[in-house]
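Student: Following the hints, complete the assembly by docking chain E with the ligands onto the known chain C.
Note that the protein sequences, when read in sequence, are chains C and E.
When you line the first sequence up against the working numbering, it's residues 514 to 756, in that order.
When you line the second sequence up against the working numbering, it's residues 324 to 1222, in that order.
Honestly, the hints are just simulated from the structure, not real lab data.
Note that this is a predicted model, so its numbers are computed, not measured.
Each statement offered as a hint is correct.
Quick list of in silico lysine-lysine cross-link-like pairs, DSSO-like style, CA-CA up to 30 Å:
| hint | chain 1 | residue 1 | chain 2 | residue 2 |
| --- | --- | --- | --- | --- |
| 1 | E | Lys791 | C | Lys629 |
| 2 | E | Lys1213 | E | Lys618 |
| 3 | E | Lys616 | E | Lys1139 |
| 4 | E | Lys1213 | C | Lys516 |
| 5 | E | Lys1139 | C | Lys628 |
| 6 | E | Lys1213 | E | Lys1139 |
| 7 | C | Lys516 | E | Lys1139 |
| 8 | C | Lys629 | E | Lys1139 |
| 9 | E | Lys616 | E | Lys1213 |
| 10 | C | Lys628 | E | Lys791 |
| 11 | C | Lys535 | E | Lys1213 |
| 12 | E | Lys1139 | E | Lys791 |
Over 12 Å on every C-beta distance to chain C, these chain E residues come out as not near it, computed from the model:
| hint | residue |
| --- | --- |
| 13 | Arg527 |
| 14 | Asp529 |
| 15 | Leu706 |
| 16 | Gly764 |
| 17 | Ser774 |
| 18 | Pro893 |
| 19 | Gly986 |
Covered stretches of chain C, going by a simulated chain E footprint (3 or more residues, C-beta under 8 Å):
| hint | segment |
| --- | --- |
| 20 | 597-604 |
| 21 | 615-625 |
For glycine and all other residues, C-beta sits at the position ideal for the given N, C-alpha and C.
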Amino acid sequence: MIKAQGLGKTYMSGGLPLEVLKDVELTFESGSLSAVVGPSGSGKTTLLGLLAGLDAPSAGRVLLEDQDLTAMSEDEKARFRAENVGFVFQTFHLLASLTALENVLVPLELTGRAKKAADSARALLERVGLGGREGHYPAQLSGGERQRVALARAFANQPRILFADEPTGNLDHETGLGVAAMLEQMNRESGTTLVMVTHDLELAERAERVISLSGGRVVADRAGSGSNGASGFDGRRSDEGRS
Amino acid sequence: MTSDSRSRGSRRGRRFALLLAKREVKGAARRVGVYMLSTAVGVAAIVSIQSVRDDVSRAITDGVRETTGYDARVTLRGDAADRMTPVLDSLRTAGARVAAVEVAGFGGMARGKTGGTPRIAMTNRFSPGYPFFGNVQTDPPGLWTGEIQPGEAFVDRPLMAQLGIAPGDTIMLGAEEYQVVAGVSRIPGGVAVLSMLMPNVYTRLDETAPADGAPAARSRAPEYRIAFSDPAEAPRFKEAYQEEEVRITVTEEVIAEVQPVVENLGELLAMVGLVALLLGGIGVASSVHLYVKEKRRSIAVLRCLGSGQWTAFWAYMVQALALGAGGAVVGIALGFGVQTLLGAALEGWLPVDISPRPSGRAMMAGAGMGIWVAAAFAAFPLLQVRGVSALEALRRDSGVKSSRAKGDVWAWVIRLLAGLSIPAVWLVAAPVWQVGALFGGVLLGTLGALSLSGWAVTALARRLTPRKGWFALRQGLSNLFRPGNQTLSVTITMGAGAFVLGLVVTMEAGVKRVFELGGGADLADVLVANLEPGQLDSIKALFPDNTERDIAFVQLGSVGARVAEVGGRPAEELAADSGAGVTEEAVLRTYRISMNDDRPPGVAIVDGAWWESGDSPAPSVEPVRPDGPDEAIELDEASESDEPPADIVTIMSLDATIAGELGAEVGDTIIWRARERRIVAEVVSLQEIEDPPGEIGGIGNLAAGSGAVAGNFRPAPGLAELGGGEESALIDIPDYETSMIVQRQIASVFPNVIIIDFSWAMDLFRRGMAAARAAVTFLAAFTALVGAIVLVATLAGSRRAREAEAALLRTLGAAKGQVAAVLVTEFAALGTLAAAAGLALSAVAAGPLLAFGALRFDDPEWGTLAVVWAALTGLSVLVGMTGNREVLRKPPLPFLRRG
Ligand SMILES: Nc1ncnc2c1ncn2[C@@H]1O[C@H](COP(=O)(O)OP(=O)(O)OP(=O)(O)O)[C@@H](O)[C@H]1O
Ligand SMILES: [Mg+2]
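For reference, chain E alone in the conformation it holds in the complex:
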């Protein structure tokens, strides 16, 4: 043969392959449907999960903007203000909105005009227009106009309740008087957890003020908040101007802080989407495999008629690719449908609005994945086509071994490419390759274990099928091990489906458990701190009817103390001579100071340094003897003389704002009076409380820490005992209104007590968890769907054989019930065993996999798994019976002719 005629021959072969492909597709509409569905549902899973992730992350981005109220926050120190003012001005000209905001840390005390006890409050002064995004909810509603008028104030509702004031009343902030316009129940800026916890008062920041130097009384320079016309500018702005004295926080960082759980969950969801696609791939492979098995005879005939080994392969490969592309298109459409539905379902649950939008990324991923799945998973079974011997035309199931095909090198190349592409695509598509590798490994192990189970089921059926007894039972069971049985293929596909489903169910339970942990009694709505001994019992006594109300105790590692001396100047003297930023109120107030060896998260040192663990707490001044005997002295039990107890000597880190108000600096020694003891502490550093990390689970600690108004002591002998007497309590209150009443009552009876309201944070947290649950529940449903379709694909593959058998039994006189009983027995046994294998494996694998999702996992959900098990068995029977329902109803001859 000349090379010319050979190439002409191969061209003719290719044309014939195409023709054959076209005809085959026409002739097998149903199978084409199942095949395309396998691809389509896998693709739909990928597309919808990807799209929903995009939607959610966009919603969170937008939502965080609305929750923070800004795109970037700029804090200036030193002389940075001079440098930044022109920059901010140029931003304004460029279309950005810039507002000055002043948050007067813990320094403020608020009280009603008519008297009553003052309470700690955070004063927030905004220049007009701030917050830029989101809504301010007031009570009565609708009173926020976007601009606070001079002399007016908005007050957090809990604070109003604690102070016993109402809209229209006057509130005193220090010496200043404001008229209360309305209570605030929600305001952007709440992402900073601390500001959610402290009661706030909102007033207007008079921007002309800095010119007359009046704000010198405030130690903090104003912050600036910026809204860019394009939020993407924020990180660039930070990049350009962040420096030592210019601290810039952008909302994206807030997202990163606030959303670790969401991120993890997203990754987990993406992995399960990939698993769904893989399941689809198994569906594709198994339907191609069975198709090839059925077509062997026609292929053998073609071979007899002289077609080449590769002709049939390419004929079917072309089919696979075309169907894969079709499946991908259907899958993308389906995926967007699901996305829209899911968006609608999540709408009311997430604290942010989700507007479903087609995602180009998801579409590309879906199309690529669909075609890849179709090609890679079809390649293996299709390579068998080449080995079909012409002999098989003569004798079906002849037992003739496939002939060694020519051009085996290429077959191996194809196998290698297809085989390698699976882990490659897997790792690339996984959000984090390590997670991908973990999942891949677990999945591979699972498939191996399932193959073993399939084999075991076959062996078990052979051994356990009774020799005597009901015919239908024997016939149904023996179909599990007889030649040409589908036990292995169904065990693997259905087992894999059950495995993933079991995993998702466990995941759902894990999320639920986290949710319960957050929403249940473990996390309270209100924290009362600074309780003196016995006060908690008195508080309990205030609500005698509410025995169900759960009051938990939290021991705080902190000391309540007053200032006795600063830098050698007695407190009385300081208070009398206020000026240069020193306020009388600050000097005379009681502070909480926590005791920490290590710097707590969220505490930033702005001057000096935190102590190293090995530092000696030696003070730089000599301990001062206690004041005269006119002081009320309670004798230390351990002390044998009448002498007052010795001073406690340590070092401390002082809040920068309070340092300003006390006129203290690094190097000064402050003497504190805590109960009957004196604490002599050198200020070694000044600190600021940064917005604490967004991890909501840490709220309890944070709240406890928020009593650390003045900073931290380094632990020293005798110090811990001073803090021991004080307690805090977390109170779980069922609703907001009750919470207001409780807070007010506690505040009026115990003026010393610090009350912190968590309800909004808790609400946000609960809703976030609800959204997570919704996503996981959806995923469970979706996986179930993919699993069902793959199962249908697998079982449909053997439909012809079942049908012929059923028709024959009918011909031989079997009643409908008998045939049905045979089928039910076979499919029930198969389904039950395969599902049991998959679910058992999922119970084993759940622990390590869920750990990656940061989800709690205690025990497998046996109850739910049992339900899933029963459902899968039912599904198997249903699919088996549906596939064979016609043969039960109709005359048998047409079915026999088909075989």
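Only chain C is shown next, with the shape it has when bound in the complex:
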């Protein structure tokens, strides 16, 4: 369960305070699948960053599985992330000096599980359609391919919570759907709590819940079509996989 209480973020910009996020109250149940939508600059990435503990809020607090993120040290947050959180960035963020496979393995290296997990990492790459590209460096991959490596990396440590910032933003519709299906499948099979930012309204509509941000405020919070079990991202959505 993720809980945001009175969450706010203010940047100093040119000497003036710029309130990017204001008084956000949100609760994400374990195993839920939520989409965050909103115009560019509305604070979506900022919100995700705060929820994942990648940045410190200016106001309010974040509770992850009943632990107060805002009270933790940077190292405690890092350890928490290593064990529980996956993150897919809008701009991929792969380590340029590592191959695709090595990138996927990093979270496992950090927790000392890499040796056993090399095969599953390879399988993950296969699943995102990059079988045979393990040895390539990010510079040798296309934007969409990099995005998929980032996805595989997010899956690698089987996180309980996964944040995805526009995971399909760089992909063609077809591939985008494939990626969305993977996310959904993970949510369904492993009970991963999924919070996803997207500009793709069609995609957002398939989530259980759609949260709309505008000017740093939550302006709408409604159920998506995913909530009635009628359909998932890939139209095969069902309730039995949820815990």
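Tutor: Just chain E with the ligands now, with coordinates in the frame of chain C:
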């Protein structure tokens, strides 16, 4: 497009370039700082070294004036006095101070009134006001009033000790009596090494004396010493009046003689300053290179938006020049700061006062160098800007090859100019172009070798990085060979820094070794000469408790002899009938005569000629049979009969002063008695001892030679054996007071022994070496600073990339310690390997380079180099960690957004 619209377009382009330059500088404050610092520190090195050199050379010029006590010295011969008197008078009217000085070479014997043994002394007679510069230190202190009163004398302390007299006592110089005012422990004029070595007595020169003809008894005409109101007049004066019979020495020549080591060291320092600047240049180039790499994308976007190939180039060139100028200003200020500090540090060490003064020359050099470094070293990486393709906006690291830029001719012109300017400036700025070329060559070789090392390190890391094991170790090591690694650039810059540092450290050790050689037991404080067999053991026995006192033996190639006949007149007859300059004392004294085939340095022939090596030593008179059997004759072992041993026949060069005192001339034959043998020697030349060359290392020889009171024999059969029995010893005595006691004791027990005190010369020498060491130590510190800044510049270039990586690892859940371990591994490995490469190269290059500095070089200083190595590794880690400390502390998202 019409030519008009084209020119309008290019004008707009230029304006845009300026605008862009301004904005870019604003946006990259930190990088601007590093860039400017690279230039500034290089410039500061040049400025401070140049300024300190100026300060030191000025201090030496001023100091030598104070050490010699005059600006010019005039020695007159023949009837030159008549010609020069009006000249000297006109100098006096023009404001110069002129003093007459008479130094009565080796002729004088001094003794206490109450009796005791006479000792050789040099009598110095000054007219009032001399010495013009510097202080006379007396004991008791403060008794020198600038003018010696008639009938009074000042006496060197060693001589007082040897004679056993005290202030207030009477000293006898020949037949004249003087009252001793005080002992002298230091007096200007000591630059003439010989006068430092001989014991001196100082009395007043009565200038009215020449009128009554009394000084005819002295063979030497007085010398004149001049102090000009502007010391620069001295060389001009010499230029105008130097001739056959007028010998003029100016202090500047003394400097040239005294300071060869300082000169060499100065050149070496200047070269290292240049190297520091070059390092700064590498810092500039590497920071520009990385900057361009980072900016490629924005440049590509600009290209997409339609800016020309040269627009971006000029935009960044303008930045580089402006920053270079800024760096030069900062560097000049910094340089003068260092100069002041260094001046203060050297103050107590140099025998002369250093007053730091801003040097215009140094300032100009600094400004020029700063802008040049900024432009020339930025040009190469900036030319890449032109090749940035618009495609790169679409795909970072796309692998798209830079497009062939239009107007490549100009690019090559720029490359050529920038490339050629480096060796050109290098050679022009080097104090001596050959030294510059040598250094340049060595440096070029070093850079090449470092590139190779960088490549080797990459290959080695690839091979040796373990596949399994600790993640941080693997990740850190593999960063050395992975795409976009900084191994080559860091190996070159840090290796170059390590190279120079290693060189300076070795240099410092070299200076230290010279210093130890001079200040240690090798060079003594006191020389005792003219020892007869067995006397040395007796002297040792005088100081039974001092087993540590080091007594070294020096065999002198000289003969101790008395005069038997001059020009056919027996000595007794001569002594009885003194007059016309001949003195009884001179005739009856024992002389030392050295044996030389070649004319020793410092010996000037004033009449006749030195013998050629092939000349036969045939005498012009028949050998004279020995005196009657009443002479004590010791039988030559080789001789089979009872006949006295045969005469030794040779030719000689006689000291001019002594020739006067003996009434001898060129062509006369003098018969000497040396032990039981007679030496029949024709005088073929008269000589004078010039102030010997200032090379202090030669003091030992000089001192030995100073026993050659009467001149030189040409070596002849049987002559060498005569000298064999006599010995000299050098005694190292820890302090001045002990030295006085030792000298006095030796003098009282062994009246025949000549005692020469070096302590002042040694003191001067030690202090000079200390100053040299201070300068080199300072340089080592400075080079370390430049190296550190260049390293910072290089590593800072990759900061963004490291930061993004560290932030990402943090995002993925890496603990602080893990990220830190990755960084430490990478920077430690990089630092260690680069430093090792640089230091190893410095050990190889040190020998030939130090030889130019006239420094001793035996072995690389492995111990110190190891310390430097460790320090550089530590520095690398420190810089790497400092650059990335924020990302370890702060939330990662802001760092990720930056990338
Ligand atoms: N370090 C910063 N300083 C000042 N303003 C910032 C900073 N970081 C982000 N912002 C501002 O915060 C606002 C929200 O940014 P955020 O990245 O969260 O938007 P977003 O909703 O993700 O937009 P998009 O859909 O375009 O990705 C933006 O207006 C951005 O300019
Ligand atoms: Mg965003």
